[in-house]
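Engineer: Residue numbers (full-length UniProt numbering), protein chains in the order written: chain Z, 1 to 313; chain G, 1 to 526.
Keep in mind that a hint or two might mislead.
Covered stretches of chain G (in silico footprint by chain Z; criterion: 3 or more residues with CB under 8 Å from a CB of chain Z, positions within the stretch not fixed) [as the list claims (entries may be wrong)]:
#, region
1, 310–321
2, 344–353
3, 371–377
4, 482–493
Short derived list, chain G residues pointing at chain Z, Cβ under 7 Å [unchecked claim]:
#, residue
5, F176
6, A177
7, Q178
8, Q192
9, L194
10, R196
11, P236
12, D237
13, P238
14, T240
15, H446
16, G447
17, Q473
18, A475
Because the hints were derived from the structure by calculation, they are not lab data. Idealized CB from N, CA, C, for every residue including glycine.
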Amino acid sequence: MWAYIVRRILATIPVMAVVALFVFSLLYLAPGDPAAVIAGDQATPEDVERIRASLGLDRPYLVRFGEWVWNIARGDLGISIFTNLPVSTMIAQRVEPTLSLCLVTLLLAISVAVPLGVVAAWKQGTLIDRAVMGFAVLGFSVPVFVVGYLLAYVFALELDWFPVQGYTPFSEGFLPWIENLVLPAIALGAVYIALIARITRATMLEVLSQDYIRTARAKGANQASILFLHALKNAAVPIVTVVGIGLALLIGGAVVTESVFAIPGLGRLTVDAILRRDYPVIQGVVLLFSFVYVLVNLLIDLLYTLFDPRIRY
Amino acid sequence: MITRRTALGAGAALALPGVATGQGAQRLLRFVPQSNLASLDPVWSTAVLVRNHGLMVWDTLYGLDSQFRAQPQMAEGHEVSSDGLTWVIRLREGLRFHDGAPVMPQDCVASIRRWSKRDVLGQRLDALADEIAPRGDREIVIRLKKPWPGLAWAMGKPSANICAIMPARLAATDPFAQVGEAIGSGPFRFRQDLFRPGDVAIYERFDGYRPRDEAPDFLAGGKQVHFDRVEWRILPDPSTAYGALQRNEVDWWEAPLADLLPRLQRDRDIVVDLINEAGNLGVLRFNFLHPPFDKLEVRRAILPALDQRAFMDAAIGTDRSLSRVPAGVFTPGTPLATTEGLEPLTGPRDLAAAQRALGESGYRGERVVMMSATDLPVLQNLSEVAADLLRRIGFNVDMPAMDWGTQIQRRTNRGPVEQGGWSVFCTTWEGLDVSVPGSHQPLRGHGAQAWSGWPTMPRLEALREEWFDAPDQAAEKAIAARIQRVAMEEVPFIPLGLVLPRQAYRRHLSGVVKGGPALFWGVRRA
Chain Z
1 MWAYIVRRIL ATIPVMAVVA LFVFSLLYLA PGDPAAVIAG DQATPEDVER IRASLGLDRP
61 YLVRFGEWVW NIARGDLGIS IFTNLPVSTM IAQRVEPTLS LCLVTLLLAI SVAVPLGVVA
121 AWKQGTLIDR AVMGFAVLGF SVPVFVVGYL LAYVFALELD WFPVQGYTPF SEGFLPWIEN
181 LVLPAIALGA VYIALIARIT RATMLEVLSQ DYIRTARAKG ANQASILFLH ALKNAAVPIV
241 TVVGIGLALL IGGAVVTESV FAIPGLGRLT VDAILRRDYP VIQGVVLLFS FVYVLVNLLI
301 DLLYTLFDPR IRY
Chain G
1 MITRRTALGA GAALALPGVA TGQGAQRLLR FVPQSNLASL DPVWSTAVLV RNHGLMVWDT
61 LYGLDSQFRA QPQMAEGHEV SSDGLTWVIR LREGLRFHDG APVMPQDCVA SIRRWSKRDV
121 LGQRLDALAD EIAPRGDREI VIRLKKPWPG LAWAMGKPSA NICAIMPARL AATDPFAQVG
181 EAIGSGPFRF RQDLFRPGDV AIYERFDGYR PRDEAPDFLA GGKQVHFDRV EWRILPDPST
241 AYGALQRNEV DWWEAPLADL LPRLQRDRDI VVDLINEAGN LGVLRFNFLH PPFDKLEVRR
301 AILPALDQRA FMDAAIGTDR SLSRVPAGVF TPGTPLATTE GLEPLTGPRD LAAAQRALGE
361 SGYRGERVVM MSATDLPVLQ NLSEVAADLL RRIGFNVDMP AMDWGTQIQR RTNRGPVEQG
421 GWSVFCTTWE GLDVSVPGSH QPLRGHGAQA WSGWPTMPRL EALREEWFDA PDQAAEKAIA
481 ARIQRVAMEE VPFIPLGLVL PRQAYRRHLS GVVKGGPALF WGVRRA
C-alpha cells in the first residue's frame with residue numbers, strides 16, 4: 001500500500017511536468033501582452049518594448065521556460081507582473097475562500113445527493129423518482145450564474161437572510177463564515193448534486209437487483225438497513241469516482257461562483273490574471289489546480305480499498 | 001421583526017468580541033471601484049484605477065480646480081522669471097511622507113524626472129528642461145530652453161500619468177519598472193500589508209497630512225479627510241455590486257451599469273450622481289499605415305453618415321442626460337471646446353452621400369478589421385454601431401472577437417491586416433485628457449511616435465506647438481478652433497460623443513467632490 005502511494009506520488013512529477021510545459025507554451029502562443037496592458041492606451045510601441053524588456057518578456061522562449069522550471073523546482077512560483085507580489089503569497093491569500101467554498105459545496109452535495117439518489121432508486125418509477133430526476137436535469141441544465149443570481153435575489157435582496165457578496169474568514173467565527181457560503185455553495189452545488197444523485201440512483205438500481213440484496217430481504221433486514229448498509233456500500237465505488245471526477249466541475253464552477261458572489265478565491269484570481277495576462281499567476285494557479293486534481297484522484301483510488309476489500313494495491 | 005439575519009448577526013456578535021462597532025462603521029467608507037486595482041505605481045501604469053489610487057496616496061505639486069485651472073497643492077507657490085525660462089517652486093511647510101520623512105526638494109526633483117520619462121507632457125518637460133534641481137530645503141528650480149506657461153497645469157493634471165511626488169529612493173526606480181512601495185505624502189496611507197489584489201485595497205487616513213486651508217475644489221484646495229479608513233472592495237459583477245449597494249454592504253459604487261441606473265434612481269436611499277463632469281470622449285480611430293484608411297478620401301467618406309447620437313445611445317442608453325452630442329475633438333464643456341469646423345458631423349446625416357463619397361474615394365473593397373473588446377461593454381457597443389455603419393456605407397468589415405488584453409497588444413502591430421494588423425477601433429478617452437491639445441493623443445500627428453494608428457499630420461503638430469506658447473486662454477481657444485478645423489479636414493479620428501457615466505452612493509454620504517475621478521477627501525457620512 002505504502003509503496004503504491006509513493007509510486008503514485010512520484011508519478012505526479014511527469015504529469016506536472018507535462019502540465020507545466022503545456023501551460024507555459026499555451027500562454028506563450030496565446031495573443032495578448034502584459035507589457036501592452038501595463039503601458040496602456042497612450043503608450044508608444046517603444047514604451048511597450050521597454051516595459052517588456054524590464055519584465056524579461058523579450059527573452060527567448062527556452063530561456064524563460066528554463067528559468068521558470070528552475071524556480072519551480074526550488075519552490076518559487078515567481079512574482080506577479082502587475083502586483084509585484086510573490087505568486088505563492090497571492091495563492092495563499094486565496095486558498096481559504098476557495099477551499100471553504102469547495103468543502104461546503106462538497107458536504108452539501110454529498111449529504112443531499114446520495115440520499116436523493118438512494119430514495120429515487122428505492123422508489124423507482126414513482127413520482128418521487130421522477131421529481132428527483134427532474135431536479136437532476138434542472139441542475140445540469142441551468143448555468144451556475146443563473147442559479148447564483150436567483151438565490152441572491154430571493155434570499156439576499158428580497159428576504160434579507162444572507163449577504164449578497166463577500167467572504168468572512170473562518171477565524172472570525174463560524175456563523176459569519178457559513179453565512180457567506182450558503183448561497184454560493186447551493187449555486188455551485190446544484191450541478192454537483194445532480195451528477196451524484198443520478199449516478200447514485202443508477203448504481204443503486206443495479207445493486208438492488210443483486211442476489212445478496214434478495215437474501216438480505218429474505219433474512220428480514222429492514223429497508224433502511226438494506227438501502228444504506230447493504231446496497232449503498234456496494235454502490236460506493238462508482239459514486240466516489242464521480243465525486244472525484246466532479247471536482248473538476250467544482251473548480252470550474254468556482255470561477256463563476258466566486259465572481260457572482262465576490263468571493264476572493266482562486267477562481268477570481270485566475271480570471272483576473274488571464275484578463276491581464278499575468279503569466280506567472282496563471283501558471284502558478286493552473287499548476288496548483290492540476291496538482292490538487294492529481295492528488296484527489298490518488299485519494300479516490302485509496303478510498304476504493306475502504307469500500308471494496310477486494311481491491312488491493 | 002427579528003429576521004434570521006438579525007439573529008445570525010447577534011450570534012456572530014456574541015461569538016466575536018472584535019466585530020466592528022457602530023462608531024467604527026461611521027469612520028469606514030466602503031467603495032466599489034470600476035475595476036480591479038492590479039498595480040500600485042501611477043507613473044509606471046496608465047490604468048485609470050491606478051491613477052485614482054495614486055491620487056489618494058501621492059500628493060502632487062499642483063492640482064486642478066473645478067475650472068480645470070492649476071492651483072498650488074504641495075507647492076506654496078512659484079515664481080517665473082521675466083523671460084519665462086526659470087521656474088522656482090516653493091514647497092509648503094510641514095509636508096511629510098507616510099514613512100515619517102520630510103518631503104524635500106530632492107524628492108520632488110527625482111519624482112519629476114521619473115514622471116518626465118513616461119507622461120506625454122512630462123516628456124515635453126524632459127525635452128525642454130535644461131535643469132531640474134533642488135535649492136535649499138524647500139525650493140525646486142526648473143530652467144527651460146523656451147517658456148512654457150502650462151508647466152504647472154502639466155504637473156497638476158490628473159490624467160495618467162500623474163506627477164506623483166514620492167521619496168527620492170523610490171523615484172530612482174527605472175520609469176519602466178514598478179516601484180516596490182506605495183509611500184507618498186498624500187492624505188491616505190496605503191496598507192500594502194493588507195492588500196489583496198482582486199479583493200480589497202485598504203487606505204487609512206494619514207495623520208501626518210497637512211491639508212491646505214482652503215475648501216476642497218477638485219484636486220485643489222484642502223484635502224480634508226473625514227474617514228479613518230477607506231476600503232476599495234473589488235466586485236467584478238455589476239449585479240452583485242448593485243445588490244451590495246442596495247443592502248448597504250457598500251457605500252459607493254463608481255461604475256454602475258447604465259441598465260441599472262433607473263432602478264438605482266428609484267431607490268430613496270441611493271443617490272445617482274454625475275461626478276466626473278468631463279466624462280469620456282468616444283473615439284473612432286484609424287490605422288493610417290495601410291489601406292483603406294491611409295487614404296484621406298476614405299476617412300472623410302464616413303463623416304456624412306456618422307450619427308453621434310446613435311453611438312451614444314448604444315454606449316450608455318437613450319437617456320439624453322447620460323451623454324452629450326455634438327462633440328468636437330475637445331471635451332464638450334471644457335474651455336477649449338468649440339463647434340467651429342464641426343459641420344461635417346452636425347449637418348443632416350446622409351448615408352447616400354457617404355456611399356457616393358466612398359465610391360469616389362478609390363476604395364477597392366479591402367478587408368477592414370475592426371477590433372472590439374468584448375469584455376468592455378461600452379467599447380463593444382460603440383464598435384457594433386461603427387461596424388454596422390461602415391458596412392452600410394460599403395466597407396468590407398471583419399470584426400473578430402477579442403478581449404481587451406488581446407486588443408491592446410494587437411494595436412501595437414503596424415503590419416497589414418494579413419499579418420495580424422488592424423484597420424480601425426473604437427475607444428474612449430478620459431475627458432480631461434482630451435480637453436487640451438497638449439495631452440490630446442488622438443490629435444497627435446507625429447508619425448511613428450504617435451498613438452496607435454500613427455498618422456503623420458504636420459499641421460496638427462505645428463498647431464499643438466503653438467498652443468503650448470499661447471499667452472492666454474483667448475489665444476488657446478483660437479488655436480483650438482483651428483485644430484478642430486484641421487482635424488475635420490484630415491480626420492485623425494472621429495469623435496463619437498461624450499459619455500457621462502454616473503456614480504451611485506448611499507444617501508448618507510455628503511460632500512462628494514466633483515470634477516473627475518472618485519476622490520475621498522471632502523466626503524463625509526451625514
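Engineer: Now tell me if each hint is right for this structure.
Structural biologist: Going down the list of hints, with the structure as the test:
Chain Z is given as covering the region 310–321 of chain G, and this is violated because 0 residues of the stretch bring a CB closer than 8 Å to a CB of that chain, at least three being needed. Evaluation of the coverage hint for the region 344–353 of chain G: breached, as 0 residues show C-beta separations to chain Z shorter than 8 Å, against a requirement of three. Using a Cβ-Cβ cut-off of 8 Å, 1 residues of the region 371–377 of chain G lie near chain Z, which falls short of the minimum of three, so the contact claim is violated. Given as covered by chain Z, the region 482–493 of chain G fails the check, having 0 residues with a CB less than 8 Å from a CB of that chain where 3 are the minimum.
Proximity of G:F176 to chain Z holds as hinted, the smallest CB-CB distance being about 4 Å (cut-off 7 Å). For G:A177, the suggested interface contact is upheld, since its CB lies about 5 Å from the closest CB of chain Z, less than 7 Å. With a least beta-carbon distance of about 6 Å to chain Z, the hint placing G:Q178 at the interface is held under the 7 Å criterion. Interface hint at G:Q192: violated, since its Cβ lies 9 Å from the closest Cβ of chain Z, which is beyond the 7 Å cut-off.
The interface hint given for G:L194 is violated, since its Cβ lies 10 Å from the closest Cβ of chain Z, which is over the 7 Å cut-off. The interface hint given for G:R196 holds, since its Cβ lies 5 Å from the closest Cβ of chain Z, which is under the 7 Å cut-off. The closest approach between the C-beta of G:P236 and any C-beta of chain Z is roughly 5 Å, which is under the 7 Å cut-off, so the hint is satisfied. Contact between G:D237 and chain Z, as hinted, is supported at the beta carbon level, the nearest pair being about 5 Å apart and thus within 7 Å.
A cut of 7 Å between beta carbons decides the hint on G:P238: the least distance to chain Z is about 11 Å, and the hint is violated. Because the smallest distance between the Cβ of G:T240 and any Cβ of chain Z comes to about 5 Å, under 7 Å, the interface hint for this residue holds. The interface hint given for G:H446 is violated, since its Cβ lies 10 Å from the closest Cβ of chain Z, which is over the 7 Å cut-off. Taking 7 Å as the C-beta cut-off, the interface hint given for G:G447 is violated, the closest approach to chain Z being about 11 Å.
Hint on G:Q473 is violated. Least Cβ distance to chain Z is approximately 25 Å, over the 7 Å limit. With 7 Å as the threshold, the beta carbon of G:A475 stays out of range of chain Z, its nearest partner Cβ sitting at about 26 Å, so the hint is violated.
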